[in-house]
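Asks: One letter stands for each residue in the lines below.
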Amino acid sequence: MGDLGRINQLIVTIGGQNLTFNLQVILMTWVVIAALLFFGVMVTRRRGMLPHSMQVLGELFVGQFYQLTEDALGKEYVEKYAPLICSVFMFVVLSNWLGVFPHLEEPTKDLNTPLSLGIMGFVIAHYAGIRSKGFKAYAKEYFQPVFFMMPLNVIGELAKIISISFRLFGNIMGGSIIILVVSYLCYSIVLPPFLIAFFGIFVGTIQAFVFTMLTLVYISIQVK
Amino acid sequence: MMEFDAQAWVKVAAFVGGGIAMGLGAIGAAIGEGYTASLANLAVSRNPKLSGDIFKNMLVGQAVAESASIFALVVAILLLFMNTGDATLIKAAALLGAGLSMGFGAVGSGVGSGFPGGQACLGISRQPANTSRLTTNMLIGSAVCQTPAIFSLVVAFILLFMDFSAAPLNPTWAALVGAGLSTGLAAIGSGYGGGMAAGGSCEGIARQPEATGNVTTVMLVGQAVAQTPAIFGLLVSFILMFKVFPETTQLQTSMALLGAGLSTGFGGIGPGLGNGMAAESAVCWVARNLPSAPELMRIMLVGQAVSQSTAIYAMVVSLVLIFVV
Numbered sequence: 001m002g003d004l005g006r007i008n009q010l011i012v013t014i015g016g017q018n019l020t021f022n023l024q025v026i027l028m029t030w031v032v033i034a035a036l037l038f039f040g041v042m043v044t045r046r047r048g049m050l051p052h053s054m055q056v057l058g059e060l061f062v063g064q065f066y067q068l069t070e071d072a073l074g075k076e077y078v079e080k081y082a083p084l085i086c087s088v089f090m091f092v093v094l095s096n097w098l099g100v101f102p103h104l105e106e107p108t109k110d111l112n113t114p115l116s117l118g119i120m121g122f123v124i125a126h127y128a129g130i131r132s133k134g135f136k137a138y139a140k141e142y143f144q145p146v147f148f149m150m151p152l153n154v155i156g157e158l159a160k161i162i163s164i165s166f167r168l169f170g171n172i173m174g175g176s177i178i179i180l181v182v183s184y185l186c187y188s189i190v191l192p193p194f195l196i197a198f199f200g201i202f203v204g205t206i207q208a209f210v211f212t213m214l215t216l217v218y219i220s221i222q223v224k
Numbered sequence: 001m002m003e004f005d006a007q008a009w010v011k012v013a014a015f016v017g018g019g020i021a022m023g024l025g026a027i028g029a030a031i032g033e034g035y036t037a038s039l040a041n042l043a044v045s046r047n048p049k050l051s052g053d054i055f056k057n058m059l060v061g062q063a064v065a066e067s068a069s070i071f072a073l074v075v076a077i078l079l080l081f082m083n084t085g086d087a088t089l090i091k092a093a094a095l096l097g098a099g100l101s102m103g104f105g106a107v108g109s110g111v112g113s114g115f116p117g118g119q120a121c122l123g124i125s126r127q128p129a130n131t132s133r134l135t136t137n138m139l140i141g142s143a144v145c146q147t148p149a150i151f152s153l154v155v156a157f158i159l160l161f162m163d164f165s166a167a168p169l170n171p172t173w174a175a176l177v178g179a180g181l182s183t184g185l186a187a188i189g190s191g192y193g194g195g196m197a198a199g200g201s202c203e204g205i206a207r208q209p210e211a212t213g214n215v216t217t218v219m220l221v222g223q224a225v226a227q228t229p230a231i232f233g234l235l236v237s238f239i240l241m242f243k244v245f246p247e248t249t250q251l252q253t254s255m256a257l258l259g260a261g262l263s264t265g266f267g268g269i270g271p272g273l274g275n276g277m278a279a280e281s282a283v284c285w286v287a288r289n290l291p292s293a294p295e296l297m298r299i300m301l302v303g304q305a306v307s308q309s310t311a312i313y314a315m316v317v318s319l320v321l322i323f324v325v
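Top line first, the protein sequences correspond to chains R and W. Okay, so the first sequence: first residue is 1 according to this note's numbering, each after it adds one. Okay, so the second sequence: first residue is 1 according to this note's numbering, each after it adds one.
No wet-lab data here; the hints were simulated from the structure. Warning: the hint list may mix true and false statements.
Claimed, not checked - Below, computed lysine to any residue pairings styled on SDA-like, alpha-carbon distance capped at 25 Å:
hint : chain 1 : residue 1 : chain 2 : residue 2
1    : W       : Lys56     : R       : Phe198
2    : R       : Lys224    : R       : Tyr138
3    : W       : Lys49     : W       : Ala37
4    : R       : Lys80     : W       : Arg298
5    : W       : Lys11     : R       : Val182
6    : R       : Lys224    : R       : Ala82
7    : W       : Lys56     : R       : Phe202
8    : R       : Lys140    : W       : Thr310
9    : R       : Lys136    : W       : Ala305
10   : W       : Lys56     : R       : Phe194
11   : W       : Lys11     : W       : Leu73
12   : R       : Lys80     : R       : Met213
13   : W       : Lys11     : W       : Asn170
14   : R       : Lys160    : W       : Ile299
15   : R       : Lys160    : W       : Phe266
16   : W       : Lys243    : R       : Gly16
17   : R       : Lys80     : R       : Lys160
18   : R       : Lys160    : R       : Phe143
19   : W       : Lys243    : R       : Ile161
20   : R       : Lys140    : W       : Tyr313
21   : W       : Lys243    : R       : Leu158
22   : W       : Lys243    : W       : Val324
23   : W       : Lys243    : R       : Ile155
24   : R       : Lys160    : W       : Val320
25   : R       : Lys160    : W       : Lys243
26   : R       : Lys160    : W       : Arg298
27   : R       : Lys75     : W       : Val302
28   : R       : Lys133    : W       : Leu296
29   : W       : Lys243    : W       : Val317
30   : R       : Lys224    : W       : Gly303
Looking at chain R on its own, in the form it has when it is part of the complex (with noise of 0.2 Å):
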């Protein structure tokens, strides 16, 4: 048990400053990565007008999120978002799944993750909503209904990342630490696969999903 919460840091020291880097997470981030570089190979290799199987894959999976996007921001935004979308939703997934791997550990598990993952959507979104709508427009809304509910309105739209993020995080760690803990209870018999399976690819899959969904929301939102 006493492996619960300890976490590999590398501590530079660069001009008084402590940068602190988490390298089991840079790791089985790399992990992810090339695991994705792996997969676009395999999909776009020696593609035809006959596919095969890896080519399906691929454009089922494509299609099927530029469908999601161009229900949520309509047509004109579908060449420009969906592929963001598309990439943040494998992203997500694979980290998750990455859990179910004896020795490796899910990126997200560690609050920086997801919470740089939901950064980039809300900084994304609101440059969206600049680009639509013009500075003066987006600035406008924060003075709704009245001028003086400003710093709640920004407080509100701040608590959208803490959302967002904390959510991935927490199921994805509750789900490790409840693995843990029961292997440790049970001793590791007849119990643990069938957690990996329920929280590794179930929840890991729908968090994923909901992580990519609000983060496509978010840019509806602000676009529209």
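Given chain R, put chain W in place with the hints provided.
Replies: For chain W alone, coordinates are given in the frame of chain R:
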């Protein structure tokens, strides 16, 4: 009072905490399962030929609804039998906080995850051809509905296993109890609300099976927004658990931290329920009026955001209590 030593207080807190965790944790799941069973009866009386399918679906739905109570059972057993290690008064507060967090946290998710189970049973009697779609949607909905209970479990486990003995006793005890209350109470509304959304989606799919994809998507977004108050509770809990508070002899500092937990905790119940209502009717009507799905989702999100503002006020008050007072 003085004749109790720290060891005895730790045991007292562990036993009381275990009792609270399992006692409160038993409320929600039982209500949810009863609701599932009652709608299953209705479904069988409508379509007796399908009693086998409905029975199977009822049991699966009840098994998922039970998980919040099982979390509470795990925490209660750990509290009763775990070797607590260091015997300090802070540990006693942490154990009590763990019990409160898991006990309250299991109520909402337990009741809520009964709704999709019941509506799926009813839907099977109406649309036997779509049994597998309904069961899948029910499983997704009730799994997402467990999220607030999982948050409470995370807080409970951190309180159980983290070593707080280095922190000064005086404000820290209140911070730890407050951390338990914050996530635990805030999870009630979110769990219940998420269940309402999931129930509405099963009902909608039974009306119009072609709308399954859209209904599930809107349900997931609605549930996710309904869970935001529980996430605010989790955030306040994390701040209360991991911030280092300077030692103080004044009681009001401790009470401010306890109040911070109570504010976000109670403040999250209403918004969670309200957001769940908004999501429930949105998914119901998406199924009946598929072409208007984008507009319905927009209205749902705006309504939820307004209803959520009270949870944000509660969180602002908590943060002021923690950082300013």
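Asks: Evaluate each hint against the coordinates.
Replies: Results for each hint:
Between W:Lys56 and R:Phe198, the direct Cα distance comes to roughly 19 Å. Compliance with the 25 Å bound is thereby established for this hinted pair. As the CA atoms of R:Lys224 and R:Tyr138 are separated by approximately 11 Å, the hinted pair is consistent with the 25 Å bound. The suggested pairing of W:Lys49 with W:Ala37 holds, with an alpha-carbon distance near 17 Å, which does not exceed 25 Å. At most 25 Å may separate the alpha-carbon atoms for a hinted pair to count; R:Lys80 and W:Arg298 meet this at roughly 21 Å.
Restraint check for W:Lys11 and R:Val182: satisfied, since their Cα atoms lie roughly 23 Å apart, inside the 25 Å limit. A C-alpha spacing of about 17 Å is found between R:Lys224 and R:Ala82, which places the hinted pair at or below 25 Å, so the restraint holds. For the hint pairing W:Lys56 with R:Phe202, the CA-to-CA distance comes to about 20 Å; that is within 25 Å, so the pair holds. The straight-line distance between the Cα atoms of R:Lys140 and W:Thr310 is roughly 22 Å, inside the 25 Å bound, and the hint therefore holds.
Of the supplied pair hints, the one linking R:Lys136 and W:Ala305 holds, its CA atoms being roughly 22 Å apart against a limit of 25 Å. Taking the CA atoms of W:Lys56 and R:Phe194, the gap is about 19 Å. The hint holds against a cut of 25 Å. The straight-line distance between the Cα atoms of W:Lys11 and W:Leu73 is roughly 18 Å, inside the 25 Å bound, and the hint therefore holds. At most 25 Å may separate the alpha-carbon atoms for a hinted pair to count; R:Lys80 and R:Met213 meet this at roughly 16 Å.
For the proposed pair W:Lys11 and W:Asn170, the alpha carbon gap of about 20 Å is at most 25 Å, so the pair holds. Proposed proximity of R:Lys160 and W:Ile299 is supported: the alpha carbons are some 18 Å apart, at most 25 Å. Of the supplied pair hints, the one linking R:Lys160 and W:Phe266 holds, its CA atoms being roughly 20 Å apart against a limit of 25 Å. The suggested pairing of W:Lys243 with R:Gly16 holds, with an alpha-carbon distance near 23 Å, which does not exceed 25 Å.
Our distance criterion of 25 Å between C-alpha atoms is met by R:Lys80 and R:Lys160, whose separation comes to about 23 Å. A distance of roughly 18 Å separates the Cα atoms of R:Lys160 and R:Phe143; the hinted pair therefore holds under the 25 Å criterion. Distance restraint check for W:Lys243 and R:Ile161: the Cα-Cα separation of roughly 20 Å lies within the 25 Å cut-off, and the hinted pair is therefore satisfied. With a CA separation close to 22 Å, the supplied pair R:Lys140 and W:Tyr313 stays within the 25 Å bound.
Restraint check for W:Lys243 and R:Leu158: the C-alpha separation of about 21 Å stays at or below 25 Å, so the hint holds. Between the alpha carbons of W:Lys243 and W:Val324 the distance comes to roughly 14 Å, so the proposed pair stays at or under 25 Å and holds. Our distance criterion of 25 Å between C-alpha atoms is met by W:Lys243 and R:Ile155, whose separation comes to about 21 Å. For the given pair, R:Lys160 sits about 19 Å from W:Val320 by alpha-carbon distance, which is consistent with the 25 Å threshold.
Between R:Lys160 and W:Lys243 the CA atoms are separated by roughly 22 Å; this keeps the pair inside 25 Å, and the hint holds. A C-alpha spacing of about 16 Å is found between R:Lys160 and W:Arg298, which places the hinted pair at or below 25 Å, so the restraint holds. Restraint check for R:Lys75 and W:Val302: the C-alpha separation of about 22 Å stays at or below 25 Å, so the hint holds. At roughly 22 Å between alpha-carbon atoms, R:Lys133 and W:Leu296 fall within 25 Å of each other, so this suggested pair holds.
Distance restraint check for W:Lys243 and W:Val317: the Cα-Cα separation of roughly 17 Å lies within the 25 Å cut-off, and the hinted pair is therefore satisfied. Annotation: proposed proximity of R:Lys224 to W:Gly303 holds, straight-line Cα distance about 16 Å (limit 25 Å).
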